[in-house]
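Produce the entire structure from the sequences given, and follow the hints as far as they go.
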Amino acid sequence: KAGVTQTPRYLIKTRGQQVTLSCSPISGHRSVSWYQQTPGQGLQFLFEYFSETQRNKGNFPGRFSGRQFSNSRSEMNVSTLELGDSALYLCASSLGTGGLTEAFFGQGTRLTVV
Amino acid sequence: QKEVEQDPGPLSVPEGAIVSLNCTYSNSAFQYFMWYRQYSRKGPELLMYTYSSGNKEDGRFTAQVDKSSKYISLFIRDSQPSDSATYLCAMSTAGGTSYGKLTFGQGTILTVHP
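These protein sequences, in sequence, are chains A and B.
Start counting at 1 in the first sequence, then tack on 407, and there's your number in the numbering used here.
Start counting at 1 in the second sequence, then tack on 6, and there's your number in the numbering used here.
It should be emphasised that the hints constitute simulated quantities derived from the structure, not laboratory data.
Since this is a predicted model, take the numbers as computed values, not measurements.
The reader is advised that the hints may include incorrect statements.
[Stated by the list, open to error] Selected chain B positions facing chain A (Cβ under 8 Å, derived; list incomplete): (1) TYR45; (2) LYS48; (3) GLY49; (4) PRO50; (5) GLY106; (6) LEU108; (7) GLN112; (8) GLY113; (9) LEU116; (10) VAL118.
[What the hints assert, rightly or not] Heads up, incomplete: computed chain B residues facing chain A, CB under 7 Å, no partners named: (11) LEU52; (12) TYR55; (13) PHE67; (14) LYS107.
Glycine included, C-beta positions come from ideal geometry on N, C-alpha and C.
Below is the structure:
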């Protein structure tokens, strides 16, 4: 069974640019969550999508957005990049229904803003 | 004060030792508890998942949850150098506005030396 796939693995962008990250969940999983991981703040929740709808959102500015497609693949977009956006961006895949919340993470996309 | 507190370590133990990792939390609504292992430059890997107080064992790993004290632990028996990683505790409430959201501790860096 294939795991969670994130692309690209590494990105270098210039301040002010925008970036799109992609996440393909485990087959059959309909929920995709996104997290930002930094040494200072640890793992912080960005948002969650289920069946193409955003169900939950963390405390990040509107520059951070996402979407989910009918095949459950998800993209995350960051506009007007700032130096502080440099981080490891992780997506997590789960069934998203019932009481189970086991979440499986991808390898992450390491974004560097220069 | 953070919702989830985890001693960042670092923790260094000899091979074969029993390792105890701990987290405390303040939100009594947390019902699901997880432990993840994260190797350098990799995504978090789910080790243990539980939703009730008590112990859960899986091989060399035992997860313990004490909801009355808001305290969770992960024990690693017969630790191996390959266990050297950052260990993250994570928690979630049930459904509703918490969909897809895991709240993480800061992570404990563990080194097992031969």
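Inset, instruction - If any of the earlier hints don't hold here, list their numbers in rising order. - result: The structure breaks hints 1, 9, 10, 13; every other hint is satisfied.
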